[in-house]
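Engineer: Take these sequences, add in the hints, and give me the full structure.
Here the protein sequences come in this chain order: A and B. Residue 120 in our numbering sits at position 120 of the first sequence, with consecutive numbering throughout. Going from the second sequence to our numbering is simple: count from 1 and add 727.
Honestly, I wouldn't trust all of these hints.
Below are the BS3-like pairs computed for lysine-lysine, each with C-alpha atoms no more than 30 Å apart in a straight line [what the hints assert, rightly or not]:
1) K727/A / K765/B
2) K765/B / K829/B
3) K503/A / K1454/B
Source of the hints: derived by calculation from the structure; they are not laboratory data. Being a predicted model, the structure only gives us computed values, none of them experimental.
Protein chains: 2
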Amino acid sequence: MAALMLAATTIMAQTTKKTFTLNDLLGGGSTYWNLQPKYMFSTWWGEVPVELSVEKAVRIDANGQRQGTLFTTDDLNEVLGEKVVRTCANVQFPYPPAPIVKVQTSREIILIDFERKAVEWRGQIQEGASELVWNPVSRNMAYCIGSNVFVQTADGERRQLTTDGTDDIVYGHSVSRDEFGISNGLFWSPDGKRLAFYKKDQSRIPSYPQVDITQRIAATYVDKYPMAGCETEDVSVAVYDVSSSKTIWLQNPKPMTDYMTNLSWAPDGRKLYVFELNRDQDFMQLYGYDATTGQKDAEPLVEEKHPKYVEPLNTLAFLPWDDTKAVMQTRRDNWNHLYLLDLKKKMYPEWHEANGGGTTCDHVKVTLLTAGDFEVRDFLGFNEKDKTALFVGNVTHPLRATIHSVKVSSRKQALLSADDGVHSAALSASGTQLIDTYSSPTVARKVNLVHTNSGKSVNLLTADDPWKDYDVPEITSGSIKAADGQTDLYYRLIKPTGFDPSKKYPTVVYVYGGPHAHNVQASRGYYFRGWEIYMAQLGYVIFVLDNRGSQYRGLKFEQATFRHLGDEEMKDQLCGVEFLKTLPYVDADRLGVHGWSFGGFMTTNLMCSYPDVFKVGVAGGPVIDWKYYEVMYGERYMDRPEQNPDGYASSSLLPKAKNLKGRLQIILGYNDPTCVPQHTLSFIRASIDAGTQPDLFTYPGDGHNMFGTDQIHLHERITRYFEDYLK
Amino acid sequence: MAALMLAATTIMAQTTKKTFTLNDLLGGGSTYWNLQPKYMFSTWWGEVPVELSVEKAVRIDANGQRQGTLFTTDDLNEVLGEKVVRTCANVQFPYPPAPIVKVQTSREIILIDFERKAVEWRGQIQEGASELVWNPVSRNMAYCIGSNVFVQTADGERRQLTTDGTDDIVYGHSVSRDEFGISNGLFWSPDGKRLAFYKKDQSRIPSYPQVDITQRIAATYVDKYPMAGCETEDVSVAVYDVSSSKTIWLQNPKPMTDYMTNLSWAPDGRKLYVFELNRDQDFMQLYGYDATTGQKDAEPLVEEKHPKYVEPLNTLAFLPWDDTKAVMQTRRDNWNHLYLLDLKKKMYPEWHEANGGGTTCDHVKVTLLTAGDFEVRDFLGFNEKDKTALFVGNVTHPLRATIHSVKVSSRKQALLSADDGVHSAALSASGTQLIDTYSSPTVARKVNLVHTNSGKSVNLLTADDPWKDYDVPEITSGSIKAADGQTDLYYRLIKPTGFDPSKKYPTVVYVYGGPHAHNVQASRGYYFRGWEIYMAQLGYVIFVLDNRGSQYRGLKFEQATFRHLGDEEMKDQLCGVEFLKTLPYVDADRLGVHGWSFGGFMTTNLMCSYPDVFKVGVAGGPVIDWKYYEVMYGERYMDRPEQNPDGYASSSLLPKAKNLKGRLQIILGYNDPTCVPQHTLSFIRASIDAGTQPDLFTYPGDGHNMFGTDQIHLHERITRYFEDYLK
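Structural biologist: Laid out in structure tokens, this is it:
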């Protein structure tokens, strides 16, 4: 399969055409969207696909034909008698086949019967509300004002559920710094009658001293940041019953510093399932709670231990046709797969070794649904008719993400999409159809309507190449062996525009290298970043390699870096450099490296660990010492500092500051709440003390990343640095 | 006189010799002191000059001959029975002609009779004491622990004078951010029986959010910073009577935000004189207070107003032979001069115009002692026998600082030193002799023993040229006309080492440009900075010009910049550039500029205001917008923002960020308490918004300036920037 990828795939190679500006190539650029492949916004009205746009909603038939406008934005405003709806691009159809459309403005949620041309229901949104979640069954709204939780019933009655919310005590918001798949803090039961919500007590966590320089006199603001090994937050979960107006708390005797993740409602709304993880993150238990009393089940459903870590990232998904069974995702067997839990089928609990290197103890019957050496990247839902589960996974090649079904009863898999490219999909209400959006190295973008039993599809959109008038560099992909001599690693290689094989070019390695991300996949241009095209245009070779530790390659691949982040990752990147040296057009005396966040850590580390390999580096928002990184992410991969003093010491870049020989610029958001400035400033201090000379820049007011015009400014800056010192 | 200076004075010009490292040239360098002209530490034992060193104290006779060792460090330790004295370089002789030496360690003040070889007295210093002031008459000590004041009597009794000191309420420390000549907060009466001390209430001033990154989790610390136009501190003065143990407060009905400066004790310790200045700094009154009751005199001694500002900087000095008369310094007549106040001779108070552009109203007789178009730089004291006042001033040339006497009765002046160079002096107890230390463009360093009636002197030290083995660039000085077409401005010009007149060299202008400082004077190498030599060695021309607004040129020269800092200063610097362009060896296409603090403001301003003149700049710890600068200094020159909105707007560099074309690196101490980081960060933000690309560096943990190895690192950095972009 690697060989297949090694065959250079040129997406375009043309001459005497237009050149790109950074504004053309970066998301924050003024002309970026003009040069993107055409997109199609769509949603489902039950089983009917609907194409959405700013102006209107258009019904599509089974043959992919546009069957006329359901309604326009003007139609909706006419019903409302005022111009409050600005776009149809994000409307929803919550009650198919009823002709009801849901529109949401900053002030209201409105249900409109677009056939009767009448307002069905409307609910005002309280001023200052955040975290808003609306349940279509009960039409209750839940939201936060500041750190307190409110519910507004369908008839408009507002109830304040908590009153003691502060900067320290926070209700209804996400917890655990959005790790473990957590992204919000309010969870309606399916019927919208009960609301589960998080409470976090972060009073013991100091506020990192972030400074707002836009005040008349600069002033700090609250940014609670739990650093590895230090005090962290207490998390608990409450359930509010709208009928009784009562709040109960889940009765969890575990330490409140443990993690309570992926809250999953039972279909009947009487139970709440929680993935519970100890602070060490090596022991996970899935427990059910009585949502009316808060009482915890006597025994868990499943348990998982791992000498490195366990990382629950997804909620349970109950089978629509059988409330006693649910799909769970876990990497217990190395690859992220779907497992069927038969909640009524009790098992004698015994600990067994699992293929992922840990042990499991199932208290109910657990069946692997999706076997194979691949990862389920995205669970899509179910085809209720065929009783299949639908998912996107890299089934046929690590770089691809194709759409598949698996029959729950027989575990028989079927490919539903083209067997190339990177796909995403949205299911119809019953799951019998889906809209498949994808690109590949040879496809700029396609959108297909797919029948999930047969896999038959009709094309809804085939985007033209938006760059046909431009001078586009050659982008190829291939694989090399990792430093372990066995593992295949995949790269993207971009040659300079107007490539001349007899020349030697300065070459920049772009790197991320950390978990939960990958930089190379079989999508358009092999997942290129716009800046790479810009650099190719300026005469650079660009090389990007996903080292061990990165995403979608299984647990062992990721865990190779456990307790010593940076080491194996850098060894793999050096294999990439060895490969580059075999290319006659790469000037090995002019190698640069650039990366952000974990990639900033990698860049700084590579510059200091291999000072004779890389001449120039630009590191953005870097981790410098994992002791300054957060509890949740940091302790997963590094344990706590007192548990792993050697790992923290050897992975710290502070003692390496003395090795810097080349030109290294570190850039950070002055208000970075993720890799707080203490990282970079400590490295700068260490460099000064050691007599080395890194460069530095900061974006006041920006966080971990730069957007809009700041993103353009940033990339001008990064580019200039390589132009100054690598050319 | 300018013509005289224009004649190039080469201090050295040699070839094939050693080259300097930054460590050789900068105060923080490891080899710096090896390459400095030999120095001589000395003090007075009454009328006997004593040469001091780490090892011993040596008596010098009237002919300048070393007359044998008074005592060694070992002698003192032998008397003490333990090794506590480490050096004799800073001992004092408080009771001449008694053979008593005072030594001070971190734990004790000790008086030793070095003839009897016995301890005369010793007083323990309380742990944690700061601001320590010891009075030799009473042998009482005053000091602070934190923000409270303590007195320890000669017999060791400790008394806590204040108890409510905090970060907000501070006793016994300097006030008004060390402006107006204030440098401490504890003032013993001459007999040591009364202690005046400051109280400042800074509770209304916000703490600038300074961050200590060396904590486990970065944390802020208190740094009260009053910004121009914002809330400021309340100042009051107390007097503690050691005999009665009572504290009284000076009864001043003026707003407590007014300034109370240059506290001056009457010789009998019964009165305390205070220079009082309103917040607008345009109205000064000198008042006496009864030190036993705190009652303010009904009328002031003198009053001064100025449409721009009045700036009292010095205490009164009472005539040793007449307690009813004192010497005051003021620039009321443009030049800083000595004035004799006859405190008993009442005058009818009338306002008169003065030569400095303001008005004065004297309530006692005031006589100008030192007339002439020059400035008294330093008042030295009195020759009690001859009844003369002694001072250092630029009497015969603006760049010189020579030693003079003036007869109090006749106002007749006499030159006591060589009429060249820059001198400093220390008087004997009676003032009949002084030790004169000086250098000039032709004298590396000389120390003379001078009789202050005749001016006759004997040489105590003539230092060799410490750089005779080194390849030293040519340093010259001269004058040009300011932008007003009239005023002479003085410059220093350094040619590259190994100068070739047929070549064209990159040229760097070093600039400060603000009040209270000058960069060119007739001392060794015309007051060169070590870095300039380093740059000359690398092939740069260095040019330094003291523009209008700088020091020792009179009030009008300084006040040309009032309410629009930067404008006239830059015009003058551009005159310097025009001069440089007349030099055939200056490459006007490769002009750089560098400066720190006010010079950082000037550098950034020049880079943005004259983007086609300067290609490369390095600005250190700059002021960017005067609204972010402090109340005391800032409002003197700019008034308050609401009083001078146009001046603040037009002098701000934020709107100029868009003009930047060349390469500008701004460097600041991350913890700069003087030009707080808000300046630079606001400029960086403005540049990002405008799409310009300044560079940035910061020294975590450092304040407004860098010392020690950080100073070396800094100058490597500054140099590298010019090497990267100007060469």
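Engineer: Give a verdict on every hint.
Structural biologist: Verification of the hints:
With a CA separation close to 49 Å, the supplied pair K727/A and K765/B exceeds the 30 Å bound. About 26 Å separates the Cα atoms of K765/B and K829/B, which keeps this hinted pair within 30 Å; it holds. Annotation: proposed proximity of K503/A to K1454/B holds, straight-line Cα distance about 28 Å (limit 30 Å).
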